[in-house]
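*Asks:* Listed below, chain by chain, are the residues.
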Amino acid sequence: MDILNFLLETGFWLATVRMATPLVFGTLGELICERAGVLNLGIEGIMAAGCMSGWMWVYMGGSLWGGVMFAALVGATFGLLHAAFTVHLGLSQHVTGLGITMLASACSSFVFRMLLPKATTPPKIIPFENINIPGLSDLPFVGPVFFQQSPMTVLAIVAVIVVSYVLYRTPAGLALRMTGENPMAVESQGLSVFSIRTWAVVSGSALMAVGGAFLTLSAFDAYYIGMVNGRGWICIALVVFASWRPGKALLGATLFAAFDAVQMRVQQQAAMAIPYQFYLMMPYVFSIVALIIMSRRAAYPKALLVPFRKGER
Amino acid sequence: MRLEPRENVSLALKALGPILAIAVAMGFCSLLIIWSGASPMEAWGLLLKGSLGSTFALTETLTRATPLIFTGLAAAIAFRAKLWNIGGEGQLYAGACIATWLGTGMLDLPVWLMVPVLFLAGALAGGLLLLGPTLLKTKLSVDEVVTTLLLNFIVLLFVNWLVFGPWKDPMAMGWPQAAPVVDSAELGQMVAKTRLHWGFVIALACAVGAWALMRFTTWGFEIRAVGHNQQASRFAGIPVNAAIVRTALISGGLAGFAGVAELCGLKGYLTLDLSPGFGYSGIVVAMLAALHPLGVVISAIFVAIVSIGADSMSRSLNISNYIADVATAAALLAVLVSMLVSRYRIRWR
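Line by line, the protein sequences give chains A and B.
Each residue of the first sequence is one higher than the one before, counting from 1 in this note's numbering.
Each residue of the second sequence is one higher than the one before, counting from 314 in this note's numbering.
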């Protein structure tokens, strides 16, 4: 099969890692929220907000890492809004999340148009350069794939390790996981379900926004309206695929990105045999199929979607 | 902070809630308007003038409200049964696709038969599209929020392929659009020299029908019961899964109606911009109406006023027209809070 030759190309693996990075951030962020019992359908909008705000920070003269921080801050703000509505007021998590997505996307587009009213061709910034570790990065094949990536990709991997460690090895992580399973038990330990959930949604949303910022600060150098393009929704499917585990989220995001990279290359090689729209459908079809396969053993956090009210059972 | 249920909610309080909420949303948007250097009072005045200020403006608003009533009803009925149908957009396009397929020469029927047939076919397409995710939910407990949402993207790409590929109209000067529907499939103008078509009346009839269904029939009772408490409903002998499947067919069917109405009443041919997100705005409409079918009509008109008015306001004041999206999203969130506050009293401790 010469059609599969690209599996040996470094370019293919580079593309896979690049496409996986925003999904890793987004999936990790959503995972933290859901582990605490809050579904965050605001993800698509929060990623868009991170995408725009990170880019705007750099475009206005800030540093690249400053842009990442700013995006995280903006994401955290929308997360706080979501937490106020769903955790404290106990509103429907589905509808509030969609509302946050609409508000965050609309505000991003509005602010972008507001600050750059005349921009017809999207203005550009200088994005992150790939890291270059002398020696390691020069190794054939392994070097470019593992050691010549964007620093934000490294940050994503660090985030997976940190989140895994915190979730499974620290008391805070135990409390977070318990909040998603049995909030009454958390409350009886003298911990506040409200503050745990709020922190989870705020920090999870910050991670999502950083995932969005990767698109404008590393993968591309300009911001386009609608550039998140469904990646947020894919992350929600990936959380189920990952059975709410950070390690599996990394694996799932990489598999998914590899699949996406394959479809791009097959599409180029088998040009016109199948219309390109059908290739573009594949990530969504793949997500649905993954959901169906994983649904058999999907162990949703038991308190997901259930608002907690003190003194109520 | 804790929430205490209010014992008896007065009608005044119920009515005050949404009004206050809209005031909050307007306040937030006013800040954006001030930031862009315009006067909010002038802007709101222009918004009302652009959406209600003339016969033309009014008919444009009602034209815009038509698909929103359909998609709003679709969301309201599904949400009543706690079936989270986020796929209205895809179901709308599914309806429009079938109507294009049948209505561009495939069927040759007199007008009194053609339109009903197209509406039925469109409803069937929308209903069947929602049936898949619904069966996955009831049989395999796959979350329908994600599946219906992902299906929107799949259907849109499918339509993209149709209008760029096999259905591309050679007479369209290279634009990606399908051939126009035959004359007998057109809904016709309601008011001469405007774009308001009979789809609006069909939408109103659907709202009344949906209200009657929910209020007076066993089906409606079952839908509400299942949404209220699934376990109790099952215990009471209600066929829960059958009720959910029925809800899906009705909800998807109403969204399919939206597609047929836009196609046969307004556009005349299938394009990728047949719906600028009516499926998603339908969710806002349904929530603003507190999931009440008759309230959907009012809130659809409200959302239409915001979008038509904001379009015209943003043109005259040179403010980005994303202000309409910001306003609807802010109104949605504010109304959610106000509905809660009218049911509960918030105690700060």
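Keep in mind that the hints are not guaranteed to be accurate.
Stated by the list, open to error - What follows is a list of derived Cβ distance ranges for each label pair: (1) Phe146(A) <-> Asp586(B): 39 to 45 Å; (2) Phe146(A) <-> Ala549(B): 45 to 51 Å; (3) Gly226(A) <-> Ser323(B): 30 to 36 Å; (4) Met354(B) <-> Asn132(A): 42 to 48 Å; (5) Tyr165(A) <-> Phe477(B): 38 to 44 Å; (6) Val154(A) <-> Val521(B): 34 to 40 Å; (7) Phe529(B) <-> Gly90(A): 27 to 33 Å; (8) Ala325(B) <-> Gly226(A): 41 to 47 Å; (9) Phe529(B) <-> Leu73(A): 22 to 28 Å; (10) Thr507(B) <-> Asn182(A): 45 to 51 Å.
Unchecked claim - In silico DSS-like pairs for lysine-lysine, Cα to Cα no more than 25 Å straight-line: (11) Lys481(B) <-> Lys395(B); (12) Lys452(B) <-> Lys302(A); (13) Lys506(B) <-> Lys452(B); (14) Lys327(B) <-> Lys302(A).
Simulated from the structure, these hints should not be mistaken for lab results.
We treat Cβ as the ideally placed atom computed from N, Cα and C, and that holds for glycine.
*Asks:* Indicate, hint by hint, whether the structure satisfies it.
*Replies:* Do the hints match the structure? See the list:
no. : hint                                : in the structure
1   : Phe146(A) <-> Asp586(B): 39 to 45 Å : holds, 44 Å
2   : Phe146(A) <-> Ala549(B): 45 to 51 Å : violated, 60 Å
3   : Gly226(A) <-> Ser323(B): 30 to 36 Å : violated, 44 Å
4   : Met354(B) <-> Asn132(A): 42 to 48 Å : violated, 57 Å
5   : Tyr165(A) <-> Phe477(B): 38 to 44 Å : violated, 49 Å
6   : Val154(A) <-> Val521(B): 34 to 40 Å : violated, 60 Å
7   : Phe529(B) <-> Gly90(A): 27 to 33 Å  : holds, 32 Å
8   : Ala325(B) <-> Gly226(A): 41 to 47 Å : holds, 43 Å
9   : Phe529(B) <-> Leu73(A): 22 to 28 Å  : violated, 52 Å
10  : Thr507(B) <-> Asn182(A): 45 to 51 Å : violated, 59 Å
11  : Lys481(B) <-> Lys395(B)             : violated, 39 Å
12  : Lys452(B) <-> Lys302(A)             : holds, 19 Å
13  : Lys506(B) <-> Lys452(B)             : violated, 51 Å
14  : Lys327(B) <-> Lys302(A)             : violated, 34 Å
In this structure, the earlier hints numbered 2, 3, 4, 5, 6, 9, 10, 11, 13 and 14 are contradicted, and the remaining ones agree with it.
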